[in-house]
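2 protein chains.
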Amino acid sequence: MSDFRKGSEERILLAHGAGGSLMHRLIKEVLLKYLDSEELAPLDDAAELAVDGGRLAFSTDSFVVKPVFYPGGDIGSLAISGTVNDLLMKGARPSHLSLGFVLEEGFLVDDLMRILESIRQTCREAQVGIATGDTKVVNRGDVDGIFINTAGIGSILPGVSLSGRNAKPGDVVIVSGGIGEHGIAVMAERNGLKLGGDIASDVMPMNEIVLPLLERFAGSVHALRDPTRGGLAASLNEIAEASGVGIVLEESAVPVREPVQAVCELLGFDPLHVPCEGRFLAVVDASVADAVVELLRNELACPLAAKIGDVADSEGGFVQLHTTSGGRRVLDMPAGELLPRIC
Amino acid sequence: MSDFRKGSEERILLAHGAGGSLMHRLIKEVLLKYLDSEELAPLDDAAELAVDGGRLAFSTDSFVVKPVFYPGGDIGSLAISGTVNDLLMKGARPSHLSLGFVLEEGFLVDDLMRILESIRQTCREAQVGIATGDTKVVNRGDVDGIFINTAGIGSILPGVSLSGRNAKPGDVVIVSGGIGEHGIAVMAERNGLKLGGDIASDVMPMNEIVLPLLERFAGSVHALRDPTRGGLAASLNEIAEASGVGIVLEESAVPVREPVQAVCELLGFDPLHVPCEGRFLAVVDASVADAVVELLRNELACPLAAKIGDVADSEGGFVQLHTTSGGRRVLDMPAGELLPRIC
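Just so you know, the protein sequences line up as chains A and B, in that order. Add 23 to a position in the first sequence, counting from 1, and you land on the number used in my numbering. Add 23 to a position in the second sequence, counting from 1, and you land on the number used in my numbering.
Because the hints were derived from the structure by calculation, they are not lab data. Just to be clear, a hint being listed does not mean it is correct.
[To be verified] Here are the simulated SDA-like cross-link-like pairs (lysine to any residue), alpha carbons at most 25 Å apart as the crow flies:
| id | chain 1 | residue 1 | chain 2 | residue 2 |
| --- | --- | --- | --- | --- |
| 1 | A | Lys56 | B | Gly152 |
| 2 | A | Lys29 | B | Gly129 |
| 3 | B | Lys89 | A | Glu33 |
| 4 | B | Lys51 | A | Arg188 |
| 5 | A | Lys89 | B | Tyr57 |
| 6 | A | Lys89 | A | Asn214 |
| 7 | A | Lys191 | A | Ser243 |
| 8 | B | Lys56 | A | Glu33 |
| 9 | B | Lys51 | A | Gly152 |
| 10 | A | Lys51 | B | Glu148 |
| 11 | A | Lys89 | B | Glu127 |
| 12 | B | Lys56 | A | Lys56 |
| 13 | B | Lys56 | A | Gly168 |
| 14 | A | Lys56 | B | Gly164 |
| 15 | A | Lys56 | B | Lys51 |
| 16 | B | Lys51 | A | Arg147 |
| 17 | A | Lys56 | A | Arg28 |
| 18 | A | Lys89 | B | Leu36 |
| 19 | B | Lys29 | A | Arg28 |
| 20 | A | Lys191 | A | Glu33 |
| 21 | B | Lys51 | A | Thr158 |
| 22 | A | Lys89 | B | Glu128 |
| 23 | B | Lys51 | A | Lys29 |
| 24 | A | Lys89 | B | Arg163 |
| 25 | A | Lys56 | B | Lys191 |
| 26 | A | Lys89 | B | Asp167 |
| 27 | A | Lys89 | B | Thr158 |
| 28 | A | Lys29 | B | Thr158 |
| 29 | A | Lys89 | B | Asn162 |
| 30 | A | Lys29 | B | Leu36 |
| 31 | B | Lys191 | B | Leu36 |
| 32 | A | Lys29 | B | Leu131 |
| 33 | A | Lys51 | B | Lys51 |
| 34 | B | Lys29 | A | Glu128 |
| 35 | A | Lys89 | B | Gln144 |
| 36 | A | Lys29 | B | Lys89 |
| 37 | A | Lys51 | B | Leu36 |
| 38 | A | Lys29 | B | Asp134 |
| 39 | A | Lys89 | B | Gly164 |
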């Protein structure tokens, strides 16, 4: 039975924004009940729209990361990369972004300038422009520092059709690099952990990886997803559910850099739950899987890219983990909120 | 000299988000220094993009109104109407919106449902769909209840070219209805004033007014703007500055409903500074001005539509007010923050 009944005293929990099972219930049992639309229904990272005869991708994200500056990035580079990457995951070449600031009265103008400089640089890297914007200022205490929303549009490449719904039995799952670096960098900064420069956020716009990949393998790539909130575990469960397929994940094949593994052990996190902001999962036809990994590793500067799993022919909708120690278990959608304000 | 120097201890003030002169300085001296782009430069309510051979309008707004429910509207109807109206001001037929929530831990699910119902109804009225969305939840105290960002796109009507830069000497300025109703309704609710049902927010999507107007008068309409933050005074100053023209405003011609006037006198507000969310200013060729007012009044359910001013041949960039009492003065861009969190 749904928790979400009219007239109940039910309240929003942190976990409702965590990318896991509670968030998916909020989306399905509340948001989609009111907002159902053809474009929204696939719950991909971006929507596909038919506009003026073209195929446009459209996406939005709000960024509430705390602290706003952390090793390897800040809320500015994150806000641009996040929406650029969501458009790429739909097979689009990002072209224009909107930028909405909500600022707390008293926020340092110097910090705003530092964030803007980072936005400018990331826009240049991603070859996108800020086309339209909005700035609101609220009273001290009504927001914690700065929140940023970006929305973005881009044209979907010809011959490309990507959706979490498109995974097919026999497909291979590939990850583009080591996981968890964004989440661990932010958590470490927030908690004052000294990591000796070993961990920096992976945040980056992935145009120069994803676009060449799609240009080469167009129709053989079935789904792309960037494992942000909820990490790899959430993204794989989303694909399994949307496609109605099983996914078998080989834990030992998942690239996790040693310092990330160490901090995860220290803090009790499973790296499979920790967000990335510059990595993607690709579900590809088995016939091109080796070639995709080779292209990523040798030409697209992704040395840790690897095949990490297969889409199984079994009963659909869940992810099975073959653990490093030889066991097998269901890899659930993360339930609670481990990492609030991580993006 | 700019207040905004690197290394200063300058801080963001509420007035930097108020729609007036301090906000325009923040935009020009900080934001545009980093984000300059062809699309952003005109500072219209929406940007015009060339995408896939079509002309697309693209706009964004964040909504932080407090309280979230008030006579005549709520943050949900406001978030949809605000972005829909910004697209209309660029001469576009709104088609798709994005919707980003930032929720405070502990927010009542019932209130979220009430807001979603209002979003659904307003989308239906405006004939737009929510194509993509995002939901973040932050810790209690990190945001005040709920903030919403919407971005939107729509195709610009053929033969229509609207910009605050297009006002020409001899043009006539028209307003579509009584001003200030949104701002006064929100302020009254916030301060517990009992208005006996006399004032409700004017918030509404204006498709059914603006689209027929543009279909009939296409090229003779030069600029449209909805006077939200900073009210009529800010919008007229923006147009005067962007077009390098003078504007003469006849105070006695500006429609202000009696209860709005009364509350303004009580609280010490100038109605010319109070935001509307369902009214627009049109700068039109003098040859069609009477016909535009007639269409608005008789066919488009805007009984208070009126000619309120002229674009003057004089030295440009400012607004002159002919006051009700027969005086003349410059109508400045509002400077400070009278009405925080009004939209």
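For each hint, the structure was consulted:
no.: 1; hint: A:Lys56 - B:Gly152; in the structure: 14 Å, holds
no.: 2; hint: A:Lys29 - B:Gly129; in the structure: 16 Å, holds
no.: 3; hint: B:Lys89 - A:Glu33; in the structure: 22 Å, holds
no.: 4; hint: B:Lys51 - A:Arg188; in the structure: 45 Å, violated
no.: 5; hint: A:Lys89 - B:Tyr57; in the structure: 23 Å, holds
no.: 6; hint: A:Lys89 - A:Asn214; in the structure: 11 Å, holds
no.: 7; hint: A:Lys191 - A:Ser243; in the structure: 11 Å, holds
no.: 8; hint: B:Lys56 - A:Glu33; in the structure: 46 Å, violated
no.: 9; hint: B:Lys51 - A:Gly152; in the structure: 17 Å, holds
no.: 10; hint: A:Lys51 - B:Glu148; in the structure: 24 Å, holds
no.: 11; hint: A:Lys89 - B:Glu127; in the structure: 15 Å, holds
no.: 12; hint: B:Lys56 - A:Lys56; in the structure: 43 Å, violated
no.: 13; hint: B:Lys56 - A:Gly168; in the structure: 22 Å, holds
no.: 14; hint: A:Lys56 - B:Gly164; in the structure: 28 Å, violated
no.: 15; hint: A:Lys56 - B:Lys51; in the structure: 42 Å, violated
no.: 16; hint: B:Lys51 - A:Arg147; in the structure: 20 Å, holds
no.: 17; hint: A:Lys56 - A:Arg28; in the structure: 12 Å, holds
no.: 18; hint: A:Lys89 - B:Leu36; in the structure: 21 Å, holds
no.: 19; hint: B:Lys29 - A:Arg28; in the structure: 51 Å, violated
no.: 20; hint: A:Lys191 - A:Glu33; in the structure: 38 Å, violated
no.: 21; hint: B:Lys51 - A:Thr158; in the structure: 12 Å, holds
no.: 22; hint: A:Lys89 - B:Glu128; in the structure: 16 Å, holds
no.: 23; hint: B:Lys51 - A:Lys29; in the structure: 46 Å, violated
no.: 24; hint: A:Lys89 - B:Arg163; in the structure: 14 Å, holds
no.: 25; hint: A:Lys56 - B:Lys191; in the structure: 48 Å, violated
no.: 26; hint: A:Lys89 - B:Asp167; in the structure: 17 Å, holds
no.: 27; hint: A:Lys89 - B:Thr158; in the structure: 16 Å, holds
no.: 28; hint: A:Lys29 - B:Thr158; in the structure: 20 Å, holds
no.: 29; hint: A:Lys89 - B:Asn162; in the structure: 11 Å, holds
no.: 30; hint: A:Lys29 - B:Leu36; in the structure: 39 Å, violated
no.: 31; hint: B:Lys191 - B:Leu36; in the structure: 35 Å, violated
no.: 32; hint: A:Lys29 - B:Leu131; in the structure: 10 Å, holds
no.: 33; hint: A:Lys51 - B:Lys51; in the structure: 42 Å, violated
no.: 34; hint: B:Lys29 - A:Glu128; in the structure: 18 Å, holds
no.: 35; hint: A:Lys89 - B:Gln144; in the structure: 35 Å, violated
no.: 36; hint: A:Lys29 - B:Lys89; in the structure: 23 Å, holds
no.: 37; hint: A:Lys51 - B:Leu36; in the structure: 39 Å, violated
no.: 38; hint: A:Lys29 - B:Asp134; in the structure: 9 Å, holds
no.: 39; hint: A:Lys89 - B:Gly164; in the structure: 14 Å, holds
Going through the hint list in order, the structure does not satisfy hints 4, 8, 12, 14, 15, 19, 20, 23, 25, 30, 31, 33, 35 and 37.
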